[in-house]
Amino acid sequence: MTAKTSTTEMVDPVPGAAAPHLPQRTELVQLLTPEGDRVEHPDYSLDISGDELRSLYRDLALVRRWDLEATALQRQGELGIWASLLGQEAAQIGAGRAMAESDMAFPTYREHGVAWTRGVDPLHVISLFRGVDNGGWDPVATGFNLYTVVIGAQTLHATGYAMGLQRDGAESAALAFLGDGATSQGEVNEAMIWAASFSAPVVFFCQNNQYAISVPLERQSRVPLYQRAAGFGFPGVRVDGNDVLAVLAVTKAALAAAREGQGPTFIEAFTYRMGAHTTSDDPTRYRLASELEEWKLRDPIARLKAHLSRGGVADTAFFTGIEAEADELAARIRSGTLEMPDPAPAAMFDFVYAEQTPQLAQQRADFVQYHASFEEGEH
Amino acid sequence: MATETLTIGKALNLGLRKAMEDDAKVLLMGEDIGKLGGVFRITDGLQKDFGEARVVDTPLAEAGILGTAVGLAMRGYRPVCEIQFDGFVFPAYNQIVTQVAKMHARSRGKLPMPVVIRIPFGGGIGAVEHHSESPEAYFAHTAGLKVVAVSNPVDAYWGIQQAIACPDPIVFLEPKRRYWEKAEVDLDATADPLFASRVVRGGDDVTVLAYGPMVKTALQAAEAAAEEGRSLEVVDLRTVSPLDLEPVFESVRRTGRCVVVHEAPVTLGLGAEIAARVTETCFHSLEAPVLRVGGYDTPYPPSKLEEEYLPDLDRVLDAVDRSMGF
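Residue numbers (this note's numbering), protein chains in the order written: chain A, 1 to 379; chain B, 1001 to 1326.
These aren't lab readings, by the way, just hints derived from the structure by calculation. Any given hint could be a false lead.
To be verified - Below, simulated DMTMM-like cross-link-like pairs (lysine to aspartate or glutamate); rule was C-alpha separation at most 25 Å, straight line:
| id | chain 1 | residue 1 | chain 2 | residue 2 |
| --- | --- | --- | --- | --- |
| 1 | B | Lys1018 | A | Glu355 |
| 2 | B | Lys1110 | A | Asp350 |
| 3 | B | Lys1110 | A | Asp121 |
| 4 | B | Lys1025 | A | Glu171 |
| 5 | B | Lys1025 | A | Asp133 |
| 6 | B | Lys1110 | A | Asp168 |
| 7 | B | Lys1110 | A | Glu260 |
| 8 | B | Lys1110 | A | Glu355 |
| 9 | B | Lys1025 | A | Glu260 |
| 10 | B | Lys1048 | A | Asp342 |
| 11 | B | Lys1110 | A | Glu101 |
| 12 | B | Lys1018 | A | Glu101 |
| 13 | B | Lys1025 | A | Asp342 |
| 14 | B | Lys1035 | A | Asp168 |
| 15 | B | Lys1025 | A | Asp168 |
| 16 | B | Lys1110 | A | Glu171 |
| 17 | B | Lys1110 | A | Asp133 |
| 18 | B | Lys1025 | A | Glu355 |
| 19 | B | Lys1110 | A | Asp342 |
Stated by the list, open to error - Some chain B residues close to chain A (C-beta under 8 Å, calculated; not the full set):
| id | residue |
| --- | --- |
| 20 | Gly1067 |
| 21 | Ala1069 |
| 22 | Val1070 |
| 23 | Leu1072 |
| 24 | Arg1075 |
| 25 | Tyr1077 |
| 26 | Thr1098 |
| 27 | Arg1106 |
| 28 | Cys1166 |
| 29 | Ser1231 |
| 30 | Pro1242 |
Quick caveat, the model's predicted, so the values are computed rather than measured. A virtual CB, placed ideally from N, CA and C, is assigned to each residue, including glycine.
Using the sequences plus the hints, can you model the full thing?
Encoded structure:
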């Protein structure tokens, strides 16, 4: 199996009346229909056990619950902001679960699902949005880089990291996450040029969630995004981003090709941001409620649930168990957030440099003294 | 035997070679640095000896150079990035300021960024637009970066090696119009610390501060002033961030007068920061306000006018006169 553009399968990703801006027919890799029926694809097959299917479902359900809890915490004033992944769970879990332990992920700021698959504690991600930290987790130990807020900058980091893997003779790959809006960034285009020129073991995983905050895809591209890859000289694949099985299969193939020295692949995971861009956003100003309703019919979790139930892979007890586990997770996230200590004031001076400058050491000392003067009642 | 007469350019070349021999993780990246040896030939011969994986002719994309350097540094490499000319660093400015400078802090020390950004800087070579700029203040203003500006072959040879060995990202400014200046370099000597200023000429009347290409100008001014019976103390700052001002304070306490010289525009330039710090620390010793000599607040002019724009011996002496006459 190689990661290449399918030219054989033409599937309508939008059953029924599509929103006018969505392509009516396109090349879309799908292994699980929105109704939960398993379908075959000539280029991408997936042998998957019942255990693995249930485990995928568990990941999807738990990250959605985490996400909902975080949104609630923001609404209650406990987080400064939250970037919801609602609707993109399958794209993220599929991509994250496709990674080998030694691979390295380069996320944007929305890849909570990938973080989950890399073993990052949800509270470490929450700490960033609570304003306790600018990072929060150990990127080296988890193989999950810190969130990059400047759009697209991380795609170059992933490419450079992949060049390092090449030099080390490592059989690993880098997985660069980006959104549809990021494809307009110069740095993303530079990353793809570099990846191609050096045949770097990097996979560009673009979650096309249809909107860059409020701006729809047409403002970013005249062509389907996956077709851009051809211009850079490597394969581009469009996968149903709400189909966790297809995402898993396509990403696994692309990562394997990268590790084997076949260079980069661009994956466009065609999905939908069901929530707001962040908790500061109001999507009712720029999109129709009917559009959201259509996408709800393609919900990534509901379709896997239907598949599991119908195939007898999971029973009611299983789903009840996951629900209970999700509630426990939410409770842990809630209490962990509320108990999260603020950083020590002088912590902002730490780690600015590996070797601190005398100048900054002096500023820190002055700050500490200034702070202490209040405690001593001098002011 | 270990002392050689070297130009600044050749000293940098030998310093890079030494750093690459000492540490297999050092790699050079830039436009035209391989076969061509760089437009100033600073990397001449290095690709031939170290191969294309360690001396990388990159695509023509400065953000790409710095962005991939971040990823390589995450893999334990020590990328030395060449930006062809000062005015071409701005496409990479985002990566330098938002990523290279902040990764160590963002990761609470987990991801050090031992990245060196070599930039030939400053004017005086009769070039077209964007080839003569002095962008040091932008970088000195950014937490997480260190900024070095060497003025002579000795500091070029040792400084580039020290910069590469440093765990923090360093903008390494090379005085392009002085690339061909020569001096004796003792290749076996013990190097002075990188982040330290140095008194390069003793004097009693006025303290003159400079770095990079302006050190020579300041020394020329001191020579001319001596003929008129004025004694200038010249300090080569060597490092722009962090500033090592203790020797400066010590000097100003003796002379009571201070003139800062740089090619960059004076407004919000390094001179402004230095004037503030000297005033804060040496207020009672000062006989005159700290004066600045620098470029004007204009775009760098066409080369037929650059001699008017750039500080020279006469403009330094004019500032010395104003300081003495205050």
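Against the 25 Å threshold, does the CA-CA distance of Lys1110 of chain B and Asp350 of chain A hold or violate the hint?
holds (12 Å)
Is the hinted pair Lys1048 of chain B and Asp342 of chain A satisfied, with a Cα-Cα distance of at most 25 Å?
violated (54 Å)
Between Lys1025 of chain B and Asp133 of chain A, does the CA-CA distance stay at or below 25 Å?
It is violated: about 31 Å lies between the C-alpha atoms, which goes past 25 Å.
Distance restraint between Lys1025 of chain B and Glu260 of chain A, which requires alpha-carbon spacing of 25 Å or less
Satisfied, since the Cα-Cα distance of roughly 23 Å is no more than 25 Å.
25 Å Cα cutoff - pair Lys1110 of chain B, Asp121 of chain A:
holds (17 Å)
Given the hinted pair Lys1025 of chain B and Glu355 of chain A, is their Cα-Cα distance within 25 Å?
holds (20 Å)
Given the hint that Lys1110 of chain B pairs with Asp168 of chain A, test it: the Cα-Cα distance must not exceed 25 Å.
The hint holds at about 20 Å.
Grab the minimum C-beta distance from Tyr1077 of chain B to chain A and call the hint holds if it beats 8 Å, violated otherwise.
holds (6 Å)
Could you check if Arg1106 of chain B really has its C-beta closer than 8 Å to a C-beta on chain A?
holds (5 Å)
Evaluation of the interface hint that places Pro1242 of chain B against chain A, nearest CB under 8 Å:
For Pro1242 of chain B, the interface hint holds, since the closest Cβ of chain A sits about 4 Å away, which is under 8 Å.
Pair hint Lys1110 of chain B and Glu101 of chain A, alpha-carbon separation not exceeding 25 Å
It holds: about 19 Å lies between the C-alpha atoms, which stays within 25 Å.
Between the alpha carbons of Lys1025 of chain B and Glu171 of chain A, is the straight-line distance 25 Å or under?
Holds - the C-alpha atoms of Glu171 of chain A and Lys1025 of chain B are around 19 Å apart, at most 25 Å.
Violation of the numbered hints given earlier is confined to hints 5, 7, 10, 12, 13 and 29; the remaining hints are satisfied by the structure.
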